[in-house]
Amino acid sequence: MKIMPFIAVVFSAPLYAAINISIEKDLIELGLTASVTDNTYISIGADTDDWIGLGAGYQTFLSPDLRLSAYYEYGLYDDWLMKDIAGIDGVKTQSHQIDLSATQYFDGFSVKGGVTAERIRNGFTWLTVDDANNYSAYIGTAHYFNHLYISGRYEHHFAVDKSDMTDFNQGHANEWELTLGTMKPLWRFYPYAKMTVLDPNGTYYGLSNSEVSWKIGGSFSFK
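Sequential numbering of the sequence shown, starting at 1023, is according to the working numbering.
The hints are all genuine.
In silico BS3-like links for lysine-lysine, alpha-carbon gap of 27 angstroms or less:
1. 1216 to 1237
2. 1047 to 1114
3. 1206 to 1134
Source of the hints: derived by calculation from the structure; they are not laboratory data.
Start from the sequences and build out the full structure, keeping to the hints where you can.
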């Protein structure tokens, strides 16, 4: 999931419009999120790796401190086998992803838990390399201070290979995230920095060693 609006993930206030940007190594992602109603929003995003995505979300409060959220995202990107190996442009891989979550707010902190499911299918169906069904469950917490917040999240990933490869797009992995950001905007901009550790259980998508990545980004918020 790439373009779920950053502010909607962290804060409980209604979101009206935001421009989201993130940078990870040589990958830049840009997204736009806008409210449709008090409970729904839509998102569109793209990155420098030829990915584009469309998302729609819904959230409601069962009580002043308990929020339920649902998010769907459709992604489209180049079929790497056709582009890199065969030199054919225009063949796209599609993904469909959903995220269902609940967030409980307390005095100065919150706890969030949820599940995700993703279906990935190649555009070139004679020989598929990316086809997979991915699932995950996660739990996280965010602590709010006067000017800053810090959040942590644990997620367990499980992938089932549906391609013509030999059990490549599959396995289990544990992922930890640590994020530090601002509670108050700097000229309407909420910056953050994130560290992620992905630790495969055996092998996961061909990975057998832990990987550490860093991301910086933020959102321009408009209300």
